[in-house]
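Student: Here is what each chain is made of, one letter per residue.
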Amino acid sequence: MNSSAPPLRIFYLEDNPLIVFHIEAIIEDLGHVFAGSANSFAKLVGNFDAIDVDGVLVDIDLADGRTGPVAAKWLRDRGIPSIFVTGQEAIAAEHPETALATIGKPVSDTELAEKLELFRRTKATSKTT
Amino acid sequence: MDATDSPLDWVLTMAPYRRDAEHLETLLTHNGLPVRRAEGVQELTALLEQGPGVLVATHEALNPQVLEVIRRHLIDQPEWSEMPLVILLDRAVPQARIRAELSVAWPRSRQLYYQRPVTTLELLSGIQSILLARLRQRDIRDRIEREIELRRELNHRVKNILASISSIFQMTRRRAVSLDEFADDFAGRLAALANVHSAVFQADGEAVELSSVVELTFSPYRVKDTDRLVFTGPTVLLRQDAATTLALCLHELATNALKYGALSTPEGRVSLQWSTSHEADLLSLEWVESGGPPVSEPSRSGYGTRYIRSALSSLFSTPPLILFHPQGLRCSVSGPLSHLSSRQPEA
Chain B
1 MNSSAPPLRI FYLEDNPLIV FHIEAIIEDL GHVFAGSANS FAKLVGNFDA
51 IDVDGVLVDI DLADGRTGPV AAKWLRDRGI PSIFVTGQEA IAAEHPETAL
101 ATIGKPVSDT ELAEKLELFR RTKATSKTT
Chain L
1001 MDATDSPLDW VLTMAPYRRD AEHLETLLTH NGLPVRRAEG VQELTALLEQ
1051 GPGVLVATHE ALNPQVLEVI RRHLIDQPEW SEMPLVILLD RAVPQARIRA
1101 ELSVAWPRSR QLYYQRPVTT LELLSGIQSI LLARLRQRDI RDRIEREIEL
1151 RRELNHRVKN ILASISSIFQ MTRRRAVSLD EFADDFAGRL AALANVHSAV
1201 FQADGEAVEL SSVVELTFSP YRVKDTDRLV FTGPTVLLRQ DAATTLALCL
1251 HELATNALKY GALSTPEGRV SLQWSTSHEA DLLSLEWVES GGPPVSEPSR
1301 SGYGTRYIRS ALSSLFSTPP LILFHPQGLR CSVSGPLSHL SSRQPEA
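Those protein sequence lines, which keep their order, are chains B and L.
Just so it is clear: in the first sequence, position 69 is 69 by the working numbering, and no numbers are missing.
Just so it is clear: in the second sequence, position 323 is 1323 by the working numbering, and no numbers are missing.
Because the hints were derived from the structure by calculation, they are not lab data.
Note that the coordinates shown come from a computational prediction; the quantities given were computed from them, not determined experimentally.
Accuracy of the hints is not assured; some may be wrong.
Stated by the list, open to error - Within a straight-line C-alpha distance of at most 30 angstroms, the following computed BS3-like cross-link-like pairs (lysine-lysine) qualify:
{"hint": "1", "chain 1": "L", "residue 1": "K1259", "chain 2": "B", "residue 2": "K115"}
{"hint": "2", "chain 1": "L", "residue 1": "K1259", "chain 2": "B", "residue 2": "K73"}
{"hint": "3", "chain 1": "B", "residue 1": "K43", "chain 2": "L", "residue 2": "K1259"}
Said to hold, decoys possible - Calculated from the model, a selection of chain B residues having no Cβ within reach of chain L, i.e. all distances over 10 angstroms:
{"hint": "4", "residue": "D61"}
{"hint": "5", "residue": "K73"}
{"hint": "6", "residue": "P96"}
{"hint": "7", "residue": "L118"}
Unchecked claim - Computed Cβ-Cβ distance ranges for the label pairs, DEER-style:
{"hint": "8", "chain 1": "L", "residue 1": "V1223", "chain 2": "B", "residue 2": "V70", "range": "47 to 53 angstroms"}
{"hint": "9", "chain 1": "L", "residue 1": "S1277", "chain 2": "B", "residue 2": "E97", "range": "42 to 48 angstroms"}
{"hint": "10", "chain 1": "B", "residue 1": "V70", "chain 2": "L", "residue 2": "A1280", "range": "27 to 33 angstroms"}
{"hint": "11", "chain 1": "B", "residue 1": "D109", "chain 2": "L", "residue 2": "R1300", "range": "17 to 23 angstroms"}
{"hint": "12", "chain 1": "B", "residue 1": "L30", "chain 2": "L", "residue 2": "I1144", "range": "43 to 49 angstroms"}
{"hint": "13", "chain 1": "L", "residue 1": "I1144", "chain 2": "B", "residue 2": "E97", "range": "34 to 40 angstroms"}
{"hint": "14", "chain 1": "B", "residue 1": "G65", "chain 2": "L", "residue 2": "V1158", "range": "16 to 22 angstroms"}
{"hint": "15", "chain 1": "B", "residue 1": "R121", "chain 2": "L", "residue 2": "R1222", "range": "37 to 43 angstroms"}
{"hint": "16", "chain 1": "L", "residue 1": "P1294", "chain 2": "B", "residue 2": "R121", "range": "49 to 55 angstroms"}
Built from N, CA and C at the ideal position, the CB exists for glycine as well.
Chain B extracted, bound-state conformation (with noise of 0.2 angstroms):
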C-alpha cells in the first residue's frame, strides 16, 4: 500500500465480537482508522448519521439475520461502498452489484489490504459529485 496515502476510515458490521476485534486491529496496524462497528442492519441505521467512513465491511449474516445484503445496498444507496467479508461467498455472490469485492473467512491480512484500497478508488471518483 502507499505510504502517502491518507488513512482510510472504516466501519465494519459484524455479529461476531472476536473477528472484529481481529480486523479492528489490522486495519489499525494499517494506517487506517477503525470507526466502529454494528452486530445489526438495524443498528447501522440507527448509528447512521454519527457514521462518518470511506466504506463499510459487511458481513452476510448478522445479528438481525441474512441481512448483509440488505445493509450493502441500503450502503450502496447513500453513496457508501461496502466489501463483503463472509464465510458465506455463495450468497455473496448473489449479489454482485451491491459490494465492490468479497473477502472470504477466515481473513488475511494482506487480502485485507488490497481489498481496502478499493474504498480509495470509489472515494476519488464519488468526490466528483
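Please arrange chain L on chain B, whose structure you already have, making use of the hints.
Tutor: Okay, now just chain L, sitting in the frame of chain B:
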C-alpha cells in the same frame, strides 16, 4: 411436485361410473375421511401433485393413460414416500393376472386389492390402516426436513467458531514474545471458549445466568478456602453470544490479574459486582482489584486490554472504562440490559 407440505390425510378416488364414484365418496366422507374425486387424466395428474394419502380406484378406471400417470407419480416420489394404492376388482375378472400386471406397471408401491361388492367395514378398516402407515411416512418427511435445517444451522455455527478460533490464534500470535507464552495464552483462551460453550449448551439453547458464567470463569483461579475472587449481583439472564463475550472478557481480566495484578500475590483480592435497573434498561459491571503489586499503565496495550475494549464496546454500545489505579486495576462498563439479556430481546 411432491407436495412437501401436504398433510397426506385425504383420499383420492377414481371410478369411471358416476354411481360407483358417488357411492365411494359418500361412504368415506361419512366415516371422517376427506375425499377428492378425479374424473379424468388431467384432474388425476393435478390431484396427485397435491399429495394424496391414498389412491382408491376401481379396476375399470385403469386405462393405459391412467396407468402411466400413476406410474410416473410413483417413480417421482421422494425417498420417504410410498403412496398406497387400493384397487377394487370385479369377481369376474382374472384377478391374479391383473395383480401381476399392476405390480410390474407400478414399481415401489404398496397395493391392496378388494373384490366387489366390498363390505363397508372391510374397505374402511383397510383404508384407515393404510393411511396410518402413510402418516408415519409424513413424520419421516418432517424429520428429514428438520435434519436438513439442523445441518445448515450446524454448518453456520461451525464456520463461526472456526472464524473465532482463527481470530484468537492470529491475535495471540501478534502479541506473543515466546512460543511458550503463545502456547499458554492460546490454550487458555481456547479453554475459556470451550467452557462457556459447555455452559451455553447445557442451558439448552436458552438463556445463561451471568453468575454461572462468572463462576465458570473464576473456578480455575480459585484457591481452596479463600475468598480472593468474590462476586455479587442480581440474576441476569444472558443471551448466548453475550455470555460467550463476557466469559472471554472475564478470562482476560482474570489471567491478567494472575500474571501482573491482584492474583499474583497471596494478599490480592478481586471483586466483581454488577447491578441492573430494568426501568432504565441498564446493566453495570465493575471489576476491582486490590492488595496486589502497584499497578502502572503498560506502554502498549496487549491482547487482553484490546479485546476487552473492543468486545465490551460492541456488547454495551459504549466503551468500558479501564483504569490502571496504583492500588489495582479497575474495569467498569454499563449499557442497555436489553442488548445482552434474553428476557427483553432486541427490537
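Student: Now tell me if each hint is right for this structure.
Tutor: Do the hints match the structure? See the list:
no., hint, verdict
1, L:K1259 x B:K115, "violated (39 angstroms)"
2, L:K1259 x B:K73, "violated (47 angstroms)"
3, B:K43 x L:K1259, "violated (37 angstroms)"
4, D61, "violated (7 angstroms)"
5, K73, "holds (22 angstroms)"
6, P96, "holds (22 angstroms)"
7, L118, "holds (22 angstroms)"
8, L:V1223 x B:V70: 47 to 53 angstroms, "holds (52 angstroms)"
9, L:S1277 x B:E97: 42 to 48 angstroms, "holds (46 angstroms)"
10, B:V70 x L:A1280: 27 to 33 angstroms, "holds (32 angstroms)"
11, B:D109 x L:R1300: 17 to 23 angstroms, "holds (19 angstroms)"
12, B:L30 x L:I1144: 43 to 49 angstroms, "holds (48 angstroms)"
13, L:I1144 x B:E97: 34 to 40 angstroms, "holds (36 angstroms)"
14, B:G65 x L:V1158: 16 to 22 angstroms, "holds (19 angstroms)"
15, B:R121 x L:R1222: 37 to 43 angstroms, "violated (55 angstroms)"
16, L:P1294 x B:R121: 49 to 55 angstroms, "holds (51 angstroms)"
In this structure, the hints that do not hold are numbers 1, 2, 3, 4, 15, in rising order.
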